[in-house]
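Peer 1: Those sequence lines, one after another, are chains A and B. Residue numbering for the first sequence follows the numbering used here, starting at 1 and increasing by one per position. Residue numbering for the second sequence follows the numbering used here, starting at 1 and increasing by one per position.
The hints are simulated quantities; they were obtained by calculation from the structure and are not laboratory data. One or more of the hints may lead you astray.
[As the list claims (entries may be wrong)] Derived pair list, reagent style SDA-like, types lysine to any residue, alpha-carbon separation capped at 25 Å:
hint	chain 1	residue 1	chain 2	residue 2
1	B	LYS125	A	TYR193
2	B	LYS125	A	ARG189
3	B	LYS125	B	THR137
4	B	LYS125	A	LEU314
5	B	LYS15	A	GLU205
6	A	LYS88	A	PRO157
7	B	LYS125	A	LEU38
8	B	LYS125	A	ASP202
9	A	LYS167	A	ARG15
10	B	LYS125	B	ALA72
11	B	LYS125	A	HIS201
12	B	LYS15	B	GLU3
13	A	LYS167	A	LEU38
14	B	LYS125	A	GLY194
15	B	LYS125	A	GLU204
16	B	LYS125	A	GLU205
17	B	LYS169	B	GLY107
18	B	LYS15	B	TYR231
[Unchecked claim] Take a look, some chain A residues computed to stay more than 12 Å from chain B by CB distance:
hint	residue
19	ALA35
20	TYR121
21	VAL136
22	THR138
23	LEU160
No residue lacks a Cβ here, since even glycine has one placed at the ideal position from N, Cα and C.
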Amino acid sequence: MTDAGARVDAHAVGRRAIVPALVVALYLVVPLAFAGNLHLMSLVVASLTIGGIALAWALLGNLGGLVSFGHAAFFGVGSYASALLVMKAGWPIAAAIVAGGASAALAAVLVLPALRLRGPYFALAVLAYAHIFRIVATEWKSLTNGAGGIGSIPRFPVVLGYDFSGKTGAYWIVLSLVLAFAIVYRRVRYSDYGLALSAMHDSEEATRAVGVNSVLLKAAMLFLSAFMTGVMGAFNAHYIGFLEPDYAFSGLWTMLPIVAAIFGGYRTIAGPLFGAVVVYLVDQLVFKAVMPIGHQIVLGALLGAMILWSPEGLLPALANRLPRAGARPSRDA
Amino acid sequence: MLELVGIDVHFGGIKALDSVSLAVGTSEIVGLVGPNGAGKTTLFNVLSGTVRPRRGTMRFDGADLGAVPPYARARRGLGRTFQIPQPMHTLTVAGNLQVAQRFGGGGVDRRAQAEILELVGLAGKADRDAATGLSLTELKALEVAKALATRPRMLLLDEVLAGLEVQGKRQFTQLLAQIHARYGLAILIIEHDIETIRSLCPRVAVLDFGRLIADGTPAEVFSNPAVVASYTGVPADA
Chain A
1 MTDAGARVDA
11 HAVGRRAIVP
21 ALVVALYLVV
31 PLAFAGNLHL
41 MSLVVASLTI
51 GGIALAWALL
61 GNLGGLVSFG
71 HAAFFGVGSY
81 ASALLVMKAG
91 WPIAAAIVAG
101 GASAALAAVL
111 VLPALRLRGP
121 YFALAVLAYA
131 HIFRIVATEW
141 KSLTNGAGGI
151 GSIPRFPVVL
161 GYDFSGKTGA
171 YWIVLSLVLA
181 FAIVYRRVRY
191 SDYGLALSAM
201 HDSEEATRAV
211 GVNSVLLKAA
221 MLFLSAFMTG
231 VMGAFNAHYI
241 GFLEPDYAFS
251 GLWTMLPIVA
261 AIFGGYRTIA
271 GPLFGAVVVY
281 LVDQLVFKAV
291 MPIGHQIVLG
301 ALLGAMILWS
311 PEGLLPALAN
321 RLPRAGARPS
331 RDA
Chain B
1 MLELVGIDVH
11 FGGIKALDSV
21 SLAVGTSEIV
31 GLVGPNGAGK
41 TTLFNVLSGT
51 VRPRRGTMRF
61 DGADLGAVPP
71 YARARRGLGR
81 TFQIPQPMHT
91 LTVAGNLQVA
101 QRFGGGGVDR
111 RAQAEILELV
121 GLAGKADRDA
131 ATGLSLTELK
141 ALEVAKALAT
151 RPRMLLLDEV
161 LAGLEVQGKR
171 QFTQLLAQIH
181 ARYGLAILII
191 EHDIETIRSL
201 CPRVAVLDFG
211 RLIADGTPAE
221 VFSNPAVVAS
231 YTGVPADA
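For reference, chain B alone in the conformation it holds in the complex (with noise of 0.2 Å):
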């Protein structure tokens, strides 16, 4: 579904990402991990196309991305969250939806409405102020479910459990699998939290320095000297 070969992303003279290639099959989870600063963000915003690569391909659905605008990226079915919510602040919960729905899944669809916000857990708040009216667990579920208004084939979700409480994480975790299982959608996921990541994601991918060192099964991924020496920043060989 998402075919990544050779990501190049400079910013100034730093190389932010290293010739990434990645590839994510139709309904697979897929975790993204790595130190802060390993340019997991960056290749969400490359992605979703707010930053542009200096070299390197990008397909979703056998279509090449690289000349496709942000905007054009959602309508097509690419869905993303941000590590930081951003509801669309002048809008309520419902409004925030209906903008999704019109602009990035082809039409306002009250019921579809209805059942992502059930589904989220934000039922009873659509006429709440998205800016003042959630708390930070609500806007992290407002983030999930204005993806999902788009009606989206893959989601990008970038540290959407940054933040909670454990038990937020735990209800978040099974509301993310009730969602894969719901709309059988890719899903590519940015996480600190290696116990989530293993728990969700058959399949882990690690960048470090913007390099791609590591891509297979949880298991295989954690025990990898490489990895371990990323997080540890203790050399493999020492």
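Next up, chain A with everything else stripped away, as it sits in the complex (with noise of 0.2 Å):
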């Protein structure tokens, strides 16, 4: 074996072997840290929660090739159905969780028309849709109670002694969450209908030549950001215990996410969960306690920054710039 062969082996076994200790670190290391900090770990929930719509959105991007300023309409409405199917319907909560987000999916069945649509105008359109689901929570009152919102959702249960209504539970639950979104993310990248969609983006009709229904993948890329997004939602509904439209489908919803992908680096399937904890935390933690009033205005102009010095986002430029023992810079990360 050559020695930059020995060396990319090398490297692949270290990254094969430092997945599963992050994930370990993840579950046991940061709870076991910060637990007596319930306000941090509020903020750690908080950002792990941006960072699912985060990386639903960026799925959305990357693989339906589609920019959508509405996923505030999926996460209001995975966030609606799962409390109204718990607190009227009687369902469990976690049955419940799976389907607001199958319900967010379902909304986006009315977004299946603009898919016709490219770039700002497709992005435009699913802007407009997000303001009426909110419209019909704030008028539908016999379903919704409308801007009186709903209080007193129920909490996670306790399951096998554990109490998972507190904030370690809530964390274990949506880095849980997080985690099998980045599996399912991964997997449909890597597979053939993830070739197809990446080589849709710029040659859709010599991909439509091959027979590649492009229109479906894009439509099943849509359902499948919907679906996360919901899920997120619902989560969060059940964790915070109460709903009301304007916070349930506030534009917060789409444009942390968003500037969290893009900080982190949407093309890849970590920046977008890296960048939401980064720029949350960072905000929540720094910003504010220097600049109580207007902290966001210092976020704006970090990614403004960004942008200009990585475009691609902080997490591929921080590959770029670590040793790599041979092997060439990644956008898979």
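Fit chain to chain and form the complex, with the hints in mind.
Peer 2: Structural data, given as structure tokens:
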């Protein structure tokens, strides 16, 4: 074996060992280290919630080639669907969370006509669509209690003697959800469907000419992205225990994930999660402490600087600057 | 195998195809010629489903193609290449064939992939980047390879020799004859090089201003006064 080959193999082995170690650290070390600091744990849970949406948004952009400004709609539909199924139909929370994701995917059916649009036209169509759901949630008072919102949404239950309604329990749940999403994203990306999707971006006519149903694949990515976002909304509803339309369908559930995904590197799988944790925690722990009012200005400036410095995002920039032991720069992190 | 009857295509006020009727039999090679703007590529776009005719019917293997979307036409065995090569830029050469096999050809078959690459002269280039790693001749070969990977029963080749040098044209013509002999495909080929058409096609159809003005053997067609007039611009009765 050549030296270069040995270095690449060693790198691959090292990388395979790092991932399980990182997962164990995330599950055990973070709660052990920070469980006593409820404020910090709540920020971590919020950052992972945003990270889950950012991952779903990046999946749609990276694989489906669609830029959405309307993920708040999927988040809101998922949160209301899950809360109402538990409170009005007596569903168990776990099943209701999955149903929340399914409801968001069902809501995405209404976006299908917009799939024929490209670039900013699609983005604006979905932005308008998101507002429709907020209005429906506000006006359909018999179901949602309108602007008054829904309180006392059941929290996560006790399972095997452990109460998941606390910060650490919620952390484990949201961490499990985002890791599951990342695994699904990775499997899709490296499947034949992922190959066809990546080829469709700049060669849609060429892919159709070899039998690829591009509309169906894009729709599948839209449904998957909406499902993931709906699940995050459902999780959040049972985590915070309260919903009202302006909160559940807030534009922040669209903008923060976009910022996180672009900051971290939306073409990678880990980038949106990494970006969400970094952006949200730095904003809340550092910028907000220094500048309680208007701290988002610093965040905006930071994002602008990041785009100028590394349009691919922070994670690819870091990966390219670390010694890679002979391996070429990767966009697959 | 392929039957077009009375195909009309309009782009605004321009009649791109005017009541075109054409049939291609199983394993037949037909050359489609005509001056620039005659409607040849439009006819291919109609066949592959990217342009909808205003009037007329299309049947492939006895089934009506009218409402069949482009991707499904490829799956039914109608493979096409583009005048300007359109590789799937983000993929390698092998990746291009893998997508074509998986979605258009019913499943990935590595052995068939290797055979196709060997046949078109891309053996050893499977890992090349399709966007930057190939010459024009190789891109043209990849176009044909992608179409073959969908297991077509008919190939629509749109100026696949355009831009090649004399030697390259000769080699590519031999390749097309080999493909025809090996797979027994029907081929409809658009080409400006009359010598290539004469050597490859026992039958030639001629379009001019959207109308089919001749259909026959190369000898018949190229001595037809209407065809001569369409190329020279001099009316047949002048």
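Peer 1: All hints are to be evaluated individually against the structure, with a verdict given for each.
Peer 2: Here's how the hints hold up against the structure:
no.	hint	result
1	B:LYS125 to A:TYR193	holds (23 Å)
2	B:LYS125 to A:ARG189	holds (24 Å)
3	B:LYS125 to B:THR137	holds (13 Å)
4	B:LYS125 to A:LEU314	violated (34 Å)
5	B:LYS15 to A:GLU205	holds (24 Å)
6	A:LYS88 to A:PRO157	holds (17 Å)
7	B:LYS125 to A:LEU38	violated (57 Å)
8	B:LYS125 to A:ASP202	holds (22 Å)
9	A:LYS167 to A:ARG15	violated (30 Å)
10	B:LYS125 to B:ALA72	violated (29 Å)
11	B:LYS125 to A:HIS201	holds (23 Å)
12	B:LYS15 to B:GLU3	holds (21 Å)
13	A:LYS167 to A:LEU38	holds (7 Å)
14	B:LYS125 to A:GLY194	holds (22 Å)
15	B:LYS125 to A:GLU204	holds (24 Å)
16	B:LYS125 to A:GLU205	holds (24 Å)
17	B:LYS169 to B:GLY107	violated (32 Å)
18	B:LYS15 to B:TYR231	holds (19 Å)
19	ALA35	holds (44 Å)
20	TYR121	holds (21 Å)
21	VAL136	holds (33 Å)
22	THR138	holds (40 Å)
23	LEU160	holds (43 Å)
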